[in-house]
Amino acid sequence: MKPDQQIPRNALVWIIISLFTLVAPHAGRLPVWVLAVYVFAAIWRIMVYQGRWSFPGRWVKAALIASSFTGIYFSYGSLIGLEPTVALLLTAFALKLIELSKLKDGYVLLFLGYFICITEFLFSQDLMIVLYSLINVTLVTTALVAMHRPGEHQFNRKTIRLAGIMLLQALPLMLVLFFLFPRIGPLWSVPIKSHTAKTGMSDFMKPGDISRLGKSDEVAFRAEFTGDIPDTTELYWRGLVFSALEDGAWRSLNYYDIPASERRPQMAESVGPSIAYRVIMEPTQQRWLYSLRYAQPQTPGVMSGSDYVLFSPTKLEDERLYSVRSWPEAALEMDVSPWRREVELRLPGGSNPQTTSFARELRARSGSDAAFVEAVLARFTEEPYAYSLNPPLLPGDNPMDSFLFDTRTGFCEHYAAAFVIMMRAAGVPARVVAGYQGGEVNPVNRTVIVHQFDAHAWAEVWLEGQGWVRVDPTAAVSPDRIEWGLERALAGEGSFLTDSPMSLLHFRGVAWVNSIRLRFDALTYRWQSWVTGFNRERQFDLLNSVFDGISARKFVLVLIGSWALVLTPIAFALLRKRKRDTMSPADKAYLLFCDKLSRVGVTREVGESPLQYGARAARNMRPEASQIEKITQLYGTIAYRRNGDNVATLERELERTVRRFRPGRGT
Amino acid sequence: MTQRRERTNARARLMHRLRQRFRKWVNRRIPPARSVTLDQRRIFIFPSKVGLLFALALLVMLITAINYQNNMSFALTFLLATLFVIGILHTYANLSGLTIRALRANPTFPGQHTEFSVQLERGGSREHFALHLKWPESTASLVNLSDQDTVQVHLHLPVGKRGWFSPGRLLLESTYPLGLLRCWTWIDLDLYAMVYPQPLACAELPGLATDQPDGAAVPVAGSDDFHGFRDYRQGDSLRQIHWKGLARGQGVQTKQYGAYADRSVWLDWEMFPGVGVEQRLSHLCYWVLQFEKNNEEYGLRIPGAVIPPGVGDRHRDQVLQALALHGRERRQQ
Numbered sequence: 002m003k004p005d006q007q008i009p010r011n012a013l014v015w016i017i018i019s020l021f022t023l024v025a026p027h028a029g030r031l032p033v034w035v036l037a038v039y040v041f042a043a044i045w046r047i048m049v050y051q052g053r054w055s056f057p058g059r060w061v062k063a064a065l066i067a068s069s070f071t072g073i074y075f076s077y078g079s080l081i082g083l084e085p086t087v088a089l090l091l092t093a094f095a096l097k098l099i100e101l102s103k104l105k106d107g108y109v110l111l112f113l114g115y116f117i118c119i120t121e122f123l124f125s126q127d128l129m130i131v132l133y134s135l136i137n138v139t140l141v142t143t144a145l146v147a148m149h150r151p152g153e154h155q156f157n158r159k160t161i162r163l164a165g166i167m168l169l170q171a172l173p174l175m176l177v178l179f180f181l182f183p184r185i186g187p188l189w190s191v192p193i194k195s196h197t198a199k200t201g202m203s204d205f206m207k208p209g210d211i212s213r214l215g216k217s218d219e220v221a222f223r224a225e226f227t228g229d230i231p232d233t234t235e236l237y238w239r240g241l242v243f244s245a246l247e248d249g250a251w252r253s254l255n256y257y258d259i260p261a262s263e264r265r266p267q268m269a270e271s272v273g274p275s276i277a278y279r280v281i282m283e284p285t286q287q288r289w290l291y292s293l294r295y296a297q298p299q300t301p302g303v304m305s306g307s308d309y310v311l312f313s314p315t316k317l318e319d320e321r322l323y324s325v326r327s328w329p330e331a332a333l334e335m336d337v338s339p340w341r342r343e344v345e346l347r348l349p350g351g352s353n354p355q356t357t358s359f360a361r362e363l364r365a366r367s368g369s370d371a372a373f374v375e376a377v378l379a380r381f382t383e384e385p386y387a388y389s390l391n392p393p394l395l396p397g398d399n400p401m402d403s404f405l406f407d408t409r410t411g412f413c414e415h416y417a418a419a420f421v422i423m424m425r426a427a428g429v430p431a432r433v434v435a436g437y438q439g440g441e442v443n444p445v446n447r448t449v450i451v452h453q454f455d456a457h458a459w460a461e462v463w464l465e466g467q468g469w470v471r472v473d474p475t476a477a478v479s480p481d482r483i484e485w486g487l488e489r490a491l492a493g494e495g496s497f498l499t500d501s502p503m504s505l506l507h508f509r510g511v512a513w514v515n516s517i518r519l520r521f522d523a524l525t526y527r528w529q530s531w532v533t534g535f536n537r538e539r540q541f542d543l544l545n546s547v548f549d550g551i552s553a554r555k556f557v558l559v560l561i562g563s564w565a566l567v568l569t570p571i572a573f574a575l576l577r578k579r580k581r582d583t584m585s586p587a588d589k590a591y592l593l594f595c596d597k598l599s600r601v602g603v604t605r606e607v608g609e610s611p612l613q614y615g616a617r618a619a620r621n622m623r624p625e626a627s628q629i630e631k632i633t634q635l636y637g638t639i640a641y642r643r644n645g646d647n648v649a650t651l652e653r654e655l656e657r658t659v660r661r662f663r664p665g666r667g668t
Numbered sequence: 002m003t004q005r006r007e008r009t010n011a012r013a014r015l016m017h018r019l020r021q022r023f024r025k026w027v028n029r030r031i032p033p034a035r036s037v038t039l040d041q042r043r044i045f046i047f048p049s050k051v052g053l054l055f056a057l058a059l060l061v062m063l064i065t066a067i068n069y070q071n072n073m074s075f076a077l078t079f080l081l082a083t084l085f086v087i088g089i090l091h092t093y094a095n096l097s098g099l100t101i102r103a104l105r106a107n108p109t110f111p112g113q114h115t116e117f118s119v120q121l122e123r124g125g126s127r128e129h130f131a132l133h134l135k136w137p138e139s140t141a142s143l144v145n146l147s148d149q150d151t152v153q154v155h156l157h158l159p160v161g162k163r164g165w166f167s168p169g170r171l172l173l174e175s176t177y178p179l180g181l182l183r184c185w186t187w188i189d190l191d192l193y194a195m196v197y198p199q200p201l202a203c204a205e206l207p208g209l210a211t212d213q214p215d216g217a218a219v220p221v222a223g224s225d226d227f228h229g230f231r232d233y234r235q236g237d238s239l240r241q242i243h244w245k246g247l248a249r250g251q252g253v254q255t256k257q258y259g260a261y262a263d264r265s266v267w268l269d270w271e272m273f274p275g276v277g278v279e280q281r282l283s284h285l286c287y288w289v290l291q292f293e294k295n296n297e298e299y300g301l302r303i304p305g306a307v308i309p310p311g312v313g314d315r316h317r318d319q320v321l322q323a324l325a326l327h328g329r330e331r332r333q334q
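Chains B and P, in that order, give the protein sequences.
Each residue of the first sequence is one higher than the one before, counting from 2 in our numbering.
Each residue of the second sequence is one higher than the one before, counting from 2 in our numbering.
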């Protein structure tokens, strides 16, 4: 085939089909007008095909390209970043369809199609997306095959067969390459996602922020423990530490807020039992990672902050897998620095006077800081405080006064903030910790699934001789939240996941639905840990365990061996001489008929015509005479067919009759 | 100056020798035959230009995968790379098992186009697509073997000088199914087209050679005197068939016209003394066509061939063939 040959019509249909299936998963991220360009391009191409319109001229093409650049620029505000780049690529892909006429255009278009599959993976590597992309790859390959079948002027569904077979044959070797190909670091920096929304916790907290997360059923991360899973009431996943209160919002300290000497965490003594676990986080477009307290990262590229939280130097654009070991009983920062003490006591002056005076009064009545903490918690338990996902709005001035003494209804962030403000007012260093609490244990694979609605905020206070101690005021207000999770805690209010009525989590009570959901989640976890989370460390571990040490020789042997193993049978199947069936179905059926007759003693003589033979057999076997005549007649009709006879039908009937023909008793 | 010329000559000699070497190698590998079945000795395969473009696209994909540390992009890149390799087998299988048979080559005059016919036959029930056939100078043909077992291909190409014209090696290539790999073979089908001499007019026949000096009656074309009927023989001109008799049911008879000629017409080698061989043949060829046009009988007598007088398409072909092959080797046609 020469590249300047025309594209067969069959291929054109396949190309248009794959064009639309390729853009479909991108549709949500694209401006609507790009999708309109696709419809427009397809209509134009079909009109050209029908001979009503003509291919665009050079100036029309230039105008189309210029206007799509402009359009992308105005839709995204820039041309830099992954999303505008991909949108540009997708628009070019659609425009290329309009001028598609020669094979060489087809090659460019289809190779671009393969690349568009890859751009989809940059946004999501979900199992579902990957399965869908496999369909896309098959369709593009089918179009490629169809391009090389000249003279196919009609859409041919069967073209997909060969493409499917070839891809299936390619699959095992792809796996070998996937696991063996050395994973090296990025070669240069690439456009990053600039328009994808951040998810999960944000880096500051205002009242209402966490309760907003409490309405989402998305998965935040999954964790797999090496040993037993700790009690879920003990699973306080620390993500952010909020030490600064400004303008009614809590935020963590910036890098430059911290003096250089304080930037590294004080090493704590790792006492008591440790817990080892692995976390796979969903992409958040943020930098912090979640861990249980006193966490030591076991994966390179995970950093420890001065307040014992983990973070990544880069944003989490994809799933992130990391291993951690935690010592829950370790004492943190036994001797707090004067700077740290000052920071963790800082309060904006003059706000919440009622709270401040109340706290100072209560501290004066308590014997120690620890007793003061107990007294505050006791107040939350004894007074009628309520736990709600939809608390009343608080006024801008002195919101804590209003919350503590007036509305008395709040979500975890209200209680944590109120608690910390009271502590700080009374001179006890304290801070808000935000993260997730608890999680759902998946019995299928023993992972802990942490959803967004597990988002939680609690407090840490610094006590003499104990360091930072975790205090969860929410537990005092609503013990159910910690014990059973959010759904039970909100049972009275009925507000659990009211915004996502379709969520499968509503059907946790229906055994089979829940079982399917958990199984799929286990599959997702396996997928993330083995496939999308496969990295240099995992590769090293895998090769070490499978091949018992890696050497260049083994590497080459495995590579060559696997290729030989797969290619040889394929080559054999393809190239073996396939004998053509020279006998027609009618002849075969007739020979079977002769066979059956000779078994009962009526053997066809040499030179005996079917007609003579049939007559003789019919004379010999009266009961079967009509059948014998019918077969003989059918065979004759087929052998001396005229134009217009439907041979296939006759052959089928002959075969059926011969199959049913059972000359039972002989003469 | 001379040095440079010598160097150019040396290079030309080297290229020439290499080309000859290569031709010899191909000849040994794929010897000329009237019918060739393609197997691994005869099929060559290499990535096509499109394949190189594809490899470039794969490289871009791989770099994207590395730079984004994106495992699914790795997977897709590897899947396509493997597809490329699997494609080798499928592309190869598209040519493997095919049989190419030489059918015929129509004779013609120098400088004209003639038709070479070959037949492609598949060895099994596998479908073969986009088989591209071409001789170096010929028109190209693109055929499928999807729903029939054989297909005839007619290719046209200009012929050379008098004698046997060899079209060279037939190129059969295909990039099916993916277009990424080009699979091809060069076959010498041992198929030659006969090229007649270039007809060259000369004013007069310089004295017809005579065979029978005693002046026997010989039916000479162009004479008006009706001589009688005889049964139709193959090669008789249609113009002389007794159509009326045929319509009356008397069988096919040929009308014979008689003229008393004292010589039968022989086109003789010796008619053109002092003229070069090719020119003689050209003149003879011209007169053969003239006689044939006038429907007159003629015979041919040249060194190595004597054809008794006759008329008709078959006779003409026989005579022209003798002229075409004068001094050339004979081969089975």
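No lab work stands behind these hints: they were computed from the structure.
Mixed in with the good hints, there may be bad ones.
[What the hints assert, rightly or not] Distance condition first, Cα-Cα at most 20 angstroms in a straight line; then the derived EDC-like pairs of lysine to aspartate or glutamate:
no., chain 1, residue 1, chain 2, residue 2
1, P, LYS50, B, ASP5
2, B, LYS159, P, GLU271
3, P, LYS135, B, ASP5
4, P, LYS50, B, ASP588
Hint check results:
no.	hint	in the structure
1	LYS50(P) <-> ASP5(B)	holds, 13 angstroms
2	LYS159(B) <-> GLU271(P)	violated, 70 angstroms
3	LYS135(P) <-> ASP5(B)	holds, 17 angstroms
4	LYS50(P) <-> ASP588(B)	violated, 49 angstroms
Hint compliance for this structure: hints 2 and 4 are not met, and every other hint is.
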